[in-house]
Amino acid sequence: MPASFESTAQDRVFDIVIGADLFAADWSNCDRISNYVANLVSQRRTDSLRYANLFSSVLNELLETAFRCHHAQGEIACTVYRSTLHDCIDLSVPCDAAIREFYESAVTKASQPDAADRFIRMMLDERPFDPQIGLMALAADYQAKITLDASVGNRVTISVGFVIDEPAQ
Amino acid sequence: MSFTVRFDANNQEIMLAGAMRPHNGDELIEVRRTLDHALNSVSGTLYLNAKRLVHLNNAGFHEIVMFIRRACQQKPTLRIVIITSSYVGWQERKFALLRELSPYVVIEQYDKDFYPGQSVLEDSGFIPILRTQTKLTWRHERSILPRHGLQPGMKIADICCGIGDFAVLLYKEFQPARLLAIDHAPQSLAYARQVAADFGVEAIEYVQGDAANLLIDDNLFDFVTCRHSLQIFDRPELILKELYRICKPGGRVYITNEKNSHCLGEPRAESIQWTYNEVAQIFAHFKMDVELGPKSHRYLIDAGFSNVQVESFMVTNLDGDPQDFADVIAAWESVYAGQMAAQRGDSEEFITRFRQGFQDHIFAALHPKGYAGWPIWVASARKPG
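Which chain is which? The protein sequence lines are A and B, in order. Going by this note's numbering, the residue at position 87 of the first sequence is 87; the numbering climbs one at a time, nothing skipped. Going by this note's numbering, the residue at position 146 of the second sequence is 1146; the numbering climbs one at a time, nothing skipped.
Isolated chain B, as found in the complex:
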C-alpha cells in the first residue's frame, strides 16, 4: 500500500493516507513540498488529518516532526490540530509525542461525534429493540439475500454491524468462508462478542473500525452488507466508496435503508402518517436521511456499481407476534419523541402530537383487525470487473 498527502486549502487541512513507510527522506521530497506549500498558505489553525494513515515508519514520522518544528518556528502562534483515529492503534502513542513540540499542537481523536445522532442511537438501552428489529427484518431478508447473490461459502463483510445479531444469523444460515463484522462502537461489539460466545459461534470476527476508513485491503470480500446505516451518516457516499473498495470485482454490495415517512397503519392512518412525516424531518434536522431507501439506486450507480437490483419489503404486525412490532414502535417513540424532539427544542404541544402518532401505530399493530407496516428498501449491486 502506498501513501498520499493532499492539502485542502479551503479547510486548511493536510490529509495523510495509506502506509507511509519510506526508506528515507529522499522519497518524501514531494511530501515536503506539499507540507511547506500548506504551511505558507494557512493562518490560524492547520489541520493535519491522519485518520486514514494506516502505517507510519520512523522516516515518515521524522518528516512530520520536522514539518511541525518548521511550522512552530515560522508561525509560532499557528495552532496545529492533529486528527487521529482510535482504530489505528499506534497513532495515539506516536502522535502524543508531538505535543512536546509546542503548546499549540493539539491531538484530537476523530471517533467522537462520529455521526450526527450517535449519542441517541447508541444508547445501550436501545440494544433490546435493535435485536427485535433484526428479528423482524430477518424473516424477510433470509429469503431476499440469495436473490441478491449471497451463497454459502462466501467471504462476507458486515459493515456497521451494530450489536452483531445480523452477522450471527448470516453465519448460521449461509456458513460463510469468512465473516468479518465491523462497527465503530466498542459497547456494541462487546455485546456482539458476548452473544456470539453464548451461542457458541466462534468464527465471526467482530472488529472495531470506521466504515468510511476501513483498515481492510482492497478486493477481499464476495459479499459486503451494510444495513440501516447509510441513512444515519451525513456523508453516505464515503461509506459506499469503502464498500466498493473492499468488495471483490464481480462481488456484490448489499444495503438496506428506510423511508420512514412511508410507515403506515390502519386504523388511525392520518395521525400515523403525520408523525412519520415528522420523523423524517427530525432526522433531517440532525443531518440524517431516513428517507434514503428509494435513493439507494442512485447512490449505488454514483459509487460506480453495475447491475443494481432494488426491491422493498414491509415489516408488519402480521409477520409474527404483533407485540414485537409494538415494542419497536414504543422504542422509536422513546428515542424520537423523548430525546430527539426535546434536543431540537420542540414544544410540548408538538411532542404530544408527535407521540400520539406512535401510540396510534401501536394501536394499529395490536388491534385484532389492524395493520401496521414499516417499509424497508433493499438494494444490491455488482462491483465491475
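Excised from the complex, chain A in its bound form:
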C-alpha cells in the first residue's frame, strides 16, 4: 500500500447518486453499475480492458456490501478519484446506528494486518455470509486502504484507496 494515499493530489473523475430503494430493487445493479463506471474511468489507461476489469471488481465488492447493508431511506453516492499513484472510491450510504456499527467494525477489521487471514477464514466458513466479507476481500486481494467517515449523522462514507498496476507506457 502506498504511504501517500492521503498526500497525493486527487482529481474527482466521476460521481453517481442513486436512490437506495432503486439500487436495492435488483441485485444485478451492483454488476451493472460496476461495469458502467469501470468502462468510463478506464479511458486513457494504458491497458483499458484490464484496468476496467480490475476496477469493476473493486467497485462491485463495495456495492455488494452496500446492497447488503444500508438504510432503506436516502441515497447511495459513489465518487471516484484518481491521482497519479492510485485510485480512490468513496461510497456513501444512508445508515442508522446498527448500520454505522457494522461499517465501523468492518473497516476496523479490514485495516488490521490480519485482514487477509480473516478473509480466508470467512471464505471457509460454511455458514451464510458475513456481509463484512466484501471489505476483507478488498484488503486481501487489492491491499486496499479502507477508511470510514461517520461524521455526518445519518450517513457513512467508506473510502477505498487502491493501486491497479499498469503496463509501462
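No lab work stands behind these hints, which were simulated from the structure alone. No incorrect hints appear here.
Between beta-carbon pairs, the in silico distance windows are:
1. B:Ala1203 with A:Arg82: 18 to 24 Å
2. A:Asn39 with B:Asn1011: 31 to 37 Å
3. A:Gln143 with B:Asn1219: 35 to 41 Å
Every residue gets a Cβ at the ideal spot worked out from N, C-alpha and C, and that includes glycine.
Given the coordinates of chain A, work out where chain B should sit on it, guided by the hints.
Relative to the frame of chain A, chain B by itself:
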C-alpha cells in the same frame, strides 16, 4: 453478462465462463450439481478452467472454495489444477488463496505456450522484419480495405495486433471513431505503445488480451481485423468465434492469411518452390497452417458469417525497394531454417537445401530482371443481423 459452468468428462475439465456474481448460494444450486457430478466422475487430475471467467464475486468464490474443500475431503489425492488467465487481473490474486486448501491444488497460468510457435515468432529480433512486412502489405491493403467495407469514422478492433504498426496505419488513413488493438504479448504491446507515443498517436487503445477469450462486450465494433494470425493458431475457429461475437450485426470481419507454398520467384523457380513447400510442412509440424489463405472462405462460412468476399494480392520485389523484400526473406530464413528446422531435428543436408531456396528467392528479388512474390489472401464477411 451471465455465467456458465460446463463439465467435459473426456478432459476431466470444469469450464467456468462469464461473470459469476450471484446474490447468494441459492442461485448456484445447478452449479453445485455440476461440480459434484464432475467430482464423482474424475480421478487423478481435475482441471478447473477459469480462463474465461471475467468476474467472480464472493458468493461465487465461496462456492468454488467449498467445492475444492469437498474435493479434498472426498478424494484427498485428487490433483486439482486451476487454470487462470493473466489477462483477467483479479484471478491470480484470488485463486492464489486456494493453494492453502491442499498441496494438491495447483494454479497454472494459461498464457504460456499460447500457440505452438510462440517462442520463435515472438523473438524481439523479429520486430524490424514485422515492420517491413507491414510496410510491404500496406501498399496493397490500403486500397483493398475500403472494398471490404472499411470507412472513416468506424469503430475498429485489430485483434492480434502484434507490434501495432498496422493499427497506426489504419488510424492515420481511416480516422476511426475508436481503435482498439489487442495482442497477448506484452513486449509487442510495449513496442506498439512506444511507437504510437513517438508518432503522437494517442487515440489507439493497445490492450493485452487473448484472441480466443476477449474481455470485450458483444456487438461493439463495425470492423474487426485479424491479420496473419489465424494461420499460426492451432484452433483458428475459436478466434473466429470471438471476432464474430465482438462485431456488430451488419459489421464486417476482415482477415488475411498466407499460402506459403505459393511463394514464387524467377530465376531459380524450382529451388524456391521446393523450399516454400517445405515451409508449409515445417509449420504443419508445429501445428500451424500457413496454407490457410484460400481456406478463409470456408472458415468464415463455418463461423456463421454471410456475404463473404475473398481476394488475393501478391507482394513483390517490384512494389518498392527490392531490398525490403529481400530483408523479409532473410528473416524468414533465419527463423524457419535457423530455428524451426533445428527444433524439428532436421539434418544438416536438409537445412542447407532449405536455406538455398530462401537465398534463391533473395537472388530473384534483387536480380535486375528478377521477380519474387509473396501471395496473401484477404477475406472479409458480414455478421448477419
